[in-house]
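Enquirer: Note that the protein sequences, when read in sequence, are chains A and B. Under the numbering used here, the first residue of the first sequence carries the number 1, and numbering increases by one thereafter. Under the numbering used here, the first residue of the second sequence carries the number 1, and numbering increases by one thereafter.
Read the hints as simulated data drawn from the structure, not as lab findings. It cannot be assumed that every hint is accurate.
The list makes no distinction among identical chains, and a pair is therefore deemed to hold if it is satisfied within one copy or across any two copies.
[Unchecked claim] 25 Å max Cα-Cα, derived SDA-like pairs, lysine to any residue:
{"hint": "1", "residue 1": "64", "residue 2": "96"}
{"hint": "2", "residue 1": "64", "residue 2": "90"}
{"hint": "3", "residue 1": "53", "residue 2": "43"}
{"hint": "4", "residue 1": "53", "residue 2": "65"}
{"hint": "5", "residue 1": "64", "residue 2": "91"}
{"hint": "6", "residue 1": "53", "residue 2": "73"}
{"hint": "7", "residue 1": "64", "residue 2": "6"}
{"hint": "8", "residue 1": "64", "residue 2": "94"}
{"hint": "9", "residue 1": "64", "residue 2": "87"}
{"hint": "10", "residue 1": "53", "residue 2": "97"}
{"hint": "11", "residue 1": "64", "residue 2": "93"}
{"hint": "12", "residue 1": "53", "residue 2": "14"}
{"hint": "13", "residue 1": "53", "residue 2": "6"}
{"hint": "14", "residue 1": "64", "residue 2": "89"}
{"hint": "15", "residue 1": "64", "residue 2": "97"}
{"hint": "16", "residue 1": "64", "residue 2": "8"}
{"hint": "17", "residue 1": "64", "residue 2": "5"}
2 protein chains.
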Amino acid sequence: MTVDELDPLIHVPARLRVVATLAALPDGDTLSFTRLQDMIGLTPGNLITHLRKLEDAGYVGVEKIGSGVASRTSVALTILGRAAFTSYSAALRDLLTGPTPPND
Amino acid sequence: MTVDELDPLIHVPARLRVVATLAALPDGDTLSFTRLQDMIGLTPGNLITHLRKLEDAGYVGVEKIGSGVASRTSVALTILGRAAFTSYSAALRDLLTGPTPPND
């Protein structure tokens, strides 16, 4: 097991929080940008930056619906993003329990 | 809940692995530097750097016993380090399960 196993894209605390929040939604559900921001407590600029990185990796889908004051930006985890979070969580849980110490 | 809750000293993957490995030892047990290095797969220089940071924070105790070829460096988690890892793990487990989505 190497130290590189934890997906660095997800390991950054702010992005981990974004991904975990989206992963907790029922399949197919989305969150509005504003609601996600409220839940996570990031500034809009910060959240946009992190979402863009996750979107570039194909982990998150961001969709703008409507225009002007009636517009709403919805955010959801993609299938790839959900799979990445699942393996990240499993790797982390393994790591937290620690390896079996050798007998010496 | 803010994004700053995860102890940044422990969150770095290499240090997380060091701390988790030491936390898995029975209370009072130590690991030799060499054995720890084998288990974690870091270069000696890298491991020394990370151990120094953890030692400076009071999370890890490093003790050199003997001298010359017979010397052995033993590494263990301090009480403070164990407490820090426990709260880090709890924060992380909470985070992995995600918040309850609001009704809106």
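Enquirer: All hints, please: hold or fail.
Expert: Verification of the supplied hints:
Taking the shortest alpha-carbon separations for residue 64 and residue 96, neither the intra-copy value of 38 Å nor the inter-copy value of 27 Å comes in at or below 25 Å. Neither within a single protomer nor between protomers do residue 64 and residue 90 lie at most 25 Å apart by alpha-carbon distance, with minima of 32 Å and 36 Å respectively. Taking identical chains as interchangeable, the C-alpha atoms of residue 53 and residue 43 lie at most 25 Å apart only when both belong to the same chain, with a minimum of 16 Å there against 30 Å between chains. In this homomeric assembly, residue 53 and residue 65 come within 25 Å of each other (Cα to Cα) only inside a single copy, at 21 Å, whereas the closest approach across copies is 48 Å.
Taking identical chains as interchangeable, the C-alpha atoms of residue 64 and residue 91 are never at most 25 Å apart, the minima being 33 Å within one chain and 33 Å between chains. For a Cα distance limit of 25 Å, the shortest separation of residue 53 from residue 73 inside one copy, 16 Å, qualifies, whereas the shortest one across copies, 42 Å, does not. Proximity of residue 64 and residue 6 under a CA criterion of 25 Å is satisfied in neither setting, with 31 Å inside one chain copy and 32 Å between copies. In this assembly of identical chains, the alpha carbons of residue 64 and residue 94 never lie at most 25 Å apart, being 38 Å within a copy and 30 Å across copies at closest.
With identical chains, the CA atoms of residue 64 and residue 87 are never at most 25 Å apart, being 29 Å at best within one copy and 38 Å at best between copies. For a Cα distance limit of 25 Å, the shortest separation of residue 53 from residue 97 across copies, 22 Å, qualifies, whereas the shortest one inside one copy, 30 Å, does not. Taking the shortest alpha-carbon separations for residue 64 and residue 93, neither the intra-copy value of 35 Å nor the inter-copy value of 32 Å comes in at or below 25 Å. For the identical chains of this complex, residue 53 and residue 14 are neighbours both inside a copy (12 Å) and across copies (23 Å), given an alpha-carbon limit of 25 Å.
Within a single copy, residue 53 and residue 6 get their C-alpha atoms as close as 16 Å, and across copies as close as 21 Å, so both meet the 25 Å cut-off. Taking identical chains as interchangeable, the C-alpha atoms of residue 64 and residue 89 are never at most 25 Å apart, the minima being 29 Å within one chain and 36 Å between chains. Taking the shortest alpha-carbon separations for residue 64 and residue 97, neither the intra-copy value of 41 Å nor the inter-copy value of 27 Å comes in at or below 25 Å. For a Cα distance limit of 25 Å, the shortest separation of residue 64 from residue 8 qualifies neither inside one copy, at 27 Å, nor across copies, at 34 Å.
For the homomeric pair residue 64 and residue 5, neither the shortest alpha-carbon distance inside one copy (34 Å) nor that between copies (31 Å) is at most 25 Å.
In this structure, the earlier hints numbered 1, 2, 5, 7, 8, 9, 11, 14, 15, 16 and 17 are contradicted, and the remaining ones agree with it.
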